[in-house]
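Participant: Sequence:
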Amino acid sequence: MRWWARNALRCRDEPSNNFCLKQDKEGTNNDVVGLVVENVSGLRVDRSELEGVGCERVQQLGRGCCGQVACRFDVRQNRRNLQQIHRLMAFKASQFLFHGSGVPPASKCLSHQALQLNCFIQKVDSGLYSLLPLGQLVIDRINRLIEDEFSRIGALKISVPILGPKKLWDETERWDAMGKELFQLSDRGKSHFCLQPTAEEMVTSLVRNLPSLRVASLPLLLYQTTEKFRDERNPRFGLIRGRQFLMNDMYSFDVDVDSCQKTYSLVTSAYRRIFKDALQLEIRTVVSDPGVHGGAISHEYHLENNLEEDKISYCSRCEIGHKPGETDPQCSHSELQEMSSIEIAHTFQLGTRYAQAFKAFVPGTQRPLEMACYGIGVSRLLPACVDALSIDVKAIRLPNKIVPFDAAIITASKLSSDPTALSLCEELQSALQARNMTVLLHDMHKMSVGDRLYDLNRIGIPRIFVLANVTKRSFSTEVILFFLQGTIFY
1182 MRWWARNALR CRDEPSNNFC LKQDKEGTNN DVVGLVVENV SGLRVDRSEL
1232 EGVGCERVQQ LGRGCCGQVA CRFDVRQNRR NLQQIHRLMA FKASQFLFHG
1282 SGVPPASKCL SHQALQLNCF IQKVDSGLYS LLPLGQLVID RINRLIEDEF
1332 SRIGALKISV PILGPKKLWD ETERWDAMGK ELFQLSDRGK SHFCLQPTAE
1382 EMVTSLVRNL PSLRVASLPL LLYQTTEKFR DERNPRFGLI RGRQFLMNDM
1432 YSFDVDVDSC QKTYSLVTSA YRRIFKDALQ LEIRTVVSDP GVHGGAISHE
1482 YHLENNLEED KISYCSRCEI GHKPGETDPQ CSHSELQEMS SIEIAHTFQL
1532 GTRYAQAFKA FVPGTQRPLE MACYGIGVSR LLPACVDALS IDVKAIRLPN
1582 KIVPFDAAII TASKLSSDPT ALSLCEELQS ALQARNMTVL LHDMHKMSVG
1632 DRLYDLNRIG IPRIFVLANV TKRSFSTEVI LFFLQGTIFY
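Numbered according to this note's numbering, the sequence shown terminates at residue 1671, and the numbering increases by one at each position without gaps.
What the hints contain is simulated information worked out from the structure, not anything from laboratory work.
There's no promise every hint is true.
Unchecked claim - Think about it this way: if two alpha-carbon atoms lie no more than 16 angstroms apart in a straight line, the pair counts; the simulated EDC-like pairs of lysine to aspartate or glutamate are:
no. : residue 1 : residue 2
1   : Lys-1575  : Asp-1632
2   : Lys-1540  : Glu-1352
3   : Lys-1273  : Asp-1624
4   : Lys-1273  : Asp-1587
5   : Lys-1492  : Asp-1470
6   : Lys-1540  : Asp-1351
7   : Lys-1273  : Asp-1636
8   : Lys-1457  : Glu-1330
9   : Lys-1595  : Asp-1624
10  : Lys-1348  : Asp-1368
11  : Lys-1582  : Asp-1321
12  : Lys-1582  : Glu-1330
13  : Lys-1492  : Glu-1524
14  : Lys-1582  : Asp-1458
15  : Lys-1347  : Asp-1368
16  : Lys-1457  : Glu-1524
17  : Lys-1504  : Glu-1490
18  : Lys-1504  : Glu-1519
19  : Lys-1361  : Glu-1413
20  : Lys-1347  : Asp-1357
21  : Lys-1504  : Asp-1470
22  : Lys-1504  : Glu-1524
23  : Lys-1457  : Glu-1485
24  : Lys-1273  : Glu-1607
25  : Lys-1361  : Asp-1412
26  : Lys-1289  : Asp-1573
27  : Lys-1289  : Glu-1490
28  : Lys-1347  : Glu-1362
29  : Lys-1492  : Glu-1519
30  : Lys-1582  : Glu-1328
Unchecked claim - Quick list of the computed label-pair ranges, beta carbon to beta carbon:
no. : residue 1 : residue 2 : range
31  : Leu-1344  : Ser-1521  : 34 to 40 angstroms
32  : Leu-1366  : Asp-1470  : 26 to 32 angstroms
33  : Arg-1369  : Lys-1575  : 47 to 53 angstroms
34  : Lys-1347  : Gly-1631  : 58 to 64 angstroms
35  : Glu-1519  : Pro-1544  : 45 to 51 angstroms
This structure is a prediction, so every number in the text was calculated from the model and none was measured.
All residues carry an ideal CB built from backbone N, CA and C; glycine is no exception.
Please take these sequences and the hints and turn them into a complete structure.
Facilitator: The structure is reproduced here in structure tokens:
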């Protein structure tokens, strides 16, 4: 049986705004072989654009984007096609803007106050936070940004269990070395496990047991983005230092030291493209102590922050930093700048410590693989960006690549049912979506235009489009379009 999903939304005065599901009488195939999505803008996606989506069924989900009833597609393949469907749909402010208590949490951290006040996160307990829809949108965009960059360097995505058996951690003697920060638990059979803060042991064991590993497979770069756990003595500052956090961790395996160094440079260059090119952040690279991870070389990646979580000394001429009191033999300059910072990523060259412990050898030899590991604090990156770019808890600012929405459209209350205004709204939405922008429709027409502008400014929307008879330039956003008697003014 073939199914076609259509959004029945045609004009503002239709109250249902439901998706319509219609059976194709000609077909008897149980798979979805094509989809047609028509949103409020009339933008159409036909089956030729979504070839290979291959869905088992369409299920109704309750409230969602582009109407009060949304659809979930059980996708077997072609994730990019599904993302294309989502990009072509518009989101409604009535579903995403949750007004907070009006009182920020008692914290000296701006990002902690701003994210909780503006309903990006919600506190569960000390060091534990839920991501609300706005926060999840930002995290999803960070993850896509990282994954797109990693795909360029040939990294492969995996997923390993969060529970780590004690016997694996005993192989590297890290079970005891981690101390009280390691969450430990036992099952009913008295077997011991931990909630993993990192996965070197498990990934090395995985590589050792690969049946088809060949020299031609190397270097092998494996990464995942999963929840990690650490029993922090003093959780604080919201997502910056919590007991549970989201981390992207990568592990590379090479034939020898020279190859490992090249891979290390390849990945650290990808890190710089993510932080500096894509996110436009002033990242400082700092030489650091490998600690319990081990290895000979370790670098931290810091973002300036006034919370005094870390202190670094940085040379702008060498573009390298170190911890206060330490010296860098590669830097002969005296112009060192001390600053308060926060670590958002860390990389290690681990040598053969883990490969030797797990007997993970270069195929056809008894020589252990050279290993490196790399980690980005994904959930920490969100508040770090807010702290770096925002000056007010009621006006979150984020890099344009990871804002929850690229643009928003406001229609004045008096024009909410005007056919001409709705037509202009549809044209504008189509033009924005054609540029791969995610669009938020502020559909709460009982609010004034000024209040809705405040709403959007509060969550950091960089482009706001206002449809009104008369509109004043109220906010210094990147672009405001004025629709005045059918004429567009920039």
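Participant: Need the list of violated hint numbers for this structure, in ascending order.
Facilitator: Hints that this structure does not satisfy do not exist here, as all of them hold.
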